[in-house]
Amino acid sequence: MKLRNAFLAPTAILMAVTMLAPLAIILVYSFLTRGAYGGVEPPSTIENYTRLWDPVYATIIIRSLWIAAVATALCLILGFPLALFIARSGARKNMYLGLVILPFWTSFLIRTYAWMFILRDTGIVNSILQSLGVIREPLPLLYNSGAVILGLVYGFLPFMVLPLYATLERLDPSLLEAAADLGARPWDTLMRVILPLCAPGIRAGAILTFVPCLGTYLTSDLLGGSKTVLIGNLVQNQFTASRDWPFGAALSLALMAIAIGLLFSVRRRGEELL
Amino acid sequence: MKTRRGLALYALGAYAFLHVPLLILAVFSFNSSRFAVWQGFSLQWYRAVADDSNLIESSVNSLIIATAATVTATVLGTLAAYGLWKRGSSWLSGSLYLSLVTPEIVTGVSILALFQWIFRFLHLRLGMHTVILAHVGFSLAYVVVVVLARLRNFDRSLEEAALDLGATEFETFWRVTLPYLGPAIAAAAMLAFTVSIDDYVITSLVAGVDSQTLPMVIYAMARRGVNPALNAVSTLIVFSLGVLVLLSERLRRA
Amino acid sequence: MASQSVLELRQVSKAFATHRAVADVSLEIPPGAFFSLLGPSGCGKTTILRMIAGFETPTSGEIWLNGECINALPPYQRNVNTVFQGYALFPHLTVQGNVEFGLKHKKRSGDINRVNDVLKQVRLEGKSSRRPSELSGGERQRVALARAIVLQPDVLLLDEPLSALDPQLRKQVRGELRDLQRRLGVTFLFVTHDQEEALSMSDQIAVMNAGSLEQVGTPREIYAQPRSRFVADFLGAMNWIDGIGVRPEAVSITSQGRNASVTNVSYLGSFCRIEMKLETGEVIAALAPPGTSYTTGQAVCFTWNREDEIHL
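Protein chains in written order, with the numbering used here: chain P, 176 to 449; chain G, 321 to 574; chain Y, 24 to 335.
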């Protein structure tokens with residue numbers, strides 16, 4: 176056992192330093208007041224939390240929840256048929272799976288930039304439409320919620336496909352044969368057998384997608400513009416330009432609370448990650 | 321079967337959606353004009369990249385940080401996964417899980433807050449070392465998950481056999497379990513490396529003025545507007561990472 | 024007396040959170056013996072083996088090896104070695120690599136010779152560069168044996184090593200294992216649930232049931248003079264007539280004796296098993312030559328010799 180403790184020690188220390196201590200500090204800061212030159216000052220207060228209900232900030236939180244939900248739903252709807260295809264592709268399964276994972280391995284930042292290049296006023300879509308004479312002025316495709324959702328779906332589709340594929344792959348084909356034998360058409364089989372059995376994979380994929388979408392920073396920053404400020408951007412802003420660390424801290428903890436609350440609400444016994 | 325054809329067609333569309341944007345970037349990186357209209361083949365943007373000292377320097381920084389963070393996280397994470405497999409620790413598992421589900425922005429600002437607080441007592445500043453520390457912090461959980469998954473399939477009686485034959489606990493780990501973990505460790509290192517080299521959010525918060533990383537430079541270029549050199553950089557990065565992934569898959573199968 | 028045995032268990036018990044696996048077991052195992060621990064699954068025999076190897080700690084009691092108490096020693100400091108039920112061969116090492124794993128000085132010519140010797144003993148010379156995945160079940164078992172033997176342990180522990188083999192192979196390997204043990208002179212502690220195995224291979228058998236020791240003795244003693252109903256029934260088929268035990272092979276169908284009517288005849292190749300119903304309604308079995316034929320319902324008489332009776 177001494178060996179096991181020695182093996183765990185460095186990671187334990189690092190977790191305490193990079194994860195637990197910082198969160199503790201943030202927690203403390205969220206109850207303090209902003210300092211004159213940034214940082215925090217003594218008078219403890221809950222004002223940072225009450226401010227969250229202010230319409231300006233509440234709008235941002237609701238917008239973030241909405242965008243994350245839509246992106247997750249789209250990932251699910253778009254990802255499920257793809258996962259089904261891969262699971263049924265027989266010998267080429269690994270290749271098809273690899274083709275989904277490959278873009279994921281490249282840079283998320285660059286993948287987000289790609290949509291900037293495609294959607295902006297001087298981008299590909301507008302250039303083609305203009306040269307075809309379909310439009311005269313460029314369409315404002317970028318810097319709105321739609322672009323953000325598109326960027327999120329593009330970024331997190333692999334996150335959704337992988338757990339869906341894992342569940343579909345383990346599906347016992349004889350169950351589908353039994354359903355057909357008992358008279359179910361392909362659509363019935365899908366609705367009444369496949370989807371219910373895939374529920375764990377769907378849950379896993381949905382959480383794996385929703386939580387990062389909720390806390391997204393890059394996608395909304397690059398594709399959303401100043402009109403689409405989400406929680407992530409707001410937090411970043413408090414710690415840099417606005418220099419209101421206590422409020423930023425409260426926001427961060429609110430974000431974490433939502434994420435963890437969601438994770439707990441869909442957890443089932445036996446489905447552990449670590 | 322009609323559904324089979326429909327599904328295949330759909331998959332084609334999905335794969336196009338996933339890959340075409342990057343292909344577009346690649347194609348236009350060879351465009352001689354700076355606009356999104358093809359006007360001829362040119363390597364000028366690649367030459368611009370090669371001449372950009374900022375880009376080169378930040379790439380070097382990124383490589384140094386990613387290598388240091390990957391080595392550290394892989395070694396420590398593997399040991400931790402083994403320790404957890406021997407006997408669980410709910411608080412350590414809990415913090416690793418927390419590390420995975422915490423949004424990047426929250427991780428970033430909280431680590432920044434910690435550093436600023438520490439710097440009141442120790443005379444240090446933000447720099448490469450703070451970035452590396454932060455990167456190791458968020459990479460550990462990924463390594464542990466990958467290695468632990470492989471450990472769950474490991475036959476414990478192999479370790480008992482080694483002990484029975486005279487190997488101490490450490491010798492057993494070194495001579496029997498570690499060889500078995502080889503592929504998982506390689507996969508975990510790959511994962512840690514890509515996560516580190518691509519990180520923008522956390523790095524930008526804790527980097528300080530002297531240590532620009534490649535994502536930070538790319539981000540600045542992207543925000544500034546049209547810059548075809550960015551297409552060239554992007555293509556280079558995507559290509560090299562892609563090659564790296566394929567190579568490591570080959571090695572893994574061998 | 025104590026100094027004569029190579030391995031001694033003194034009132035060893037093992038209690039787990041849910042149940043008591045071993046209850047107050049004392050054993051003395053003489054050097055050079057082929058000693059079997061026999062019993063049904065869950066009787067505690069594997070737990071005893073693991074305590075001797077060092078993978079479990081006794082809740083109470085002591086384990087003495089060659090005059091030294093080894094309770095506190097970790098597995099790698101005990102001079103016992105185990106042949107695991109699944110063989111536990113290291114997949115990333117060759118046969119050679121597996122066998123020399125426990126040797127401290129693999130380059131020394133003395134040790135190299137030992138490895139080659141042992142491989143010859145188990146008839147695996149020529150296969151030393153193969154990987155476990157390339158071997159058959161029987162070959163893998165021999166590697167597990169070689170790996171343990173090469174370290175010259177005081178006692179070799181074998182955890183149901185034949186249970187993973189095909190029935191045909193099992194019989195052949197039984198003989199080989201017995202011969203190997205005699206040649207090496209190493210003390211074997213053999214765990215099994217198969218009474219035929221234990222009877223055919225052992226010098227002494229310890230029968231266990233639900234954590235306790237039922238009886239220790241030679242195969243003949245245990246079979247012919249069982250001291251409890253459990254041992255009598257476990258070691259082979261048993262008829263109980265008016266409280267007296269008689270083995271089916273001791274019952275002969277004759278012209279004079281007690282009355283019974285035949286209920287079933289099973290042809291088993293080398294002999295027939297005749298089931299008969301007594302006047303009292305009990306059913307007993309007798310063995311008869313393969314050519315015998317009786318019809319169901321036929322009235323017969325049977326008897327047995329007094330010296331074959333088992334009284335408890």
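By construction, these hints were calculated from the structure, which means they are not laboratory data. Keep in mind the model is a prediction, meaning the values are calculated, not measured. Note that CB positions come from ideal geometry on N, CA and C, so glycine has one too. One or more hints might be untrue.
Where chain G lies over chain Y, by a calculated footprint (3+ residues, C-beta under 8 angstroms) [what the hints assert, rightly or not]: (1) 67-80; (2) 170-183; (3) 278-290; (4) 304-316.
Non-contacting residues of chain Y with respect to chain G, defined by C-beta distances greater than 10 angstroms in every case (computed) [claimed, not checked]: (5) K127; (6) K130; (7) S186; (8) D189; (9) P190; (10) Q227; (11) E237; (12) R250; (13) M261.
Unmet hints by their number, sorted upward, for this structure
Of the numbered hints, 3, 4, 5 do not hold.
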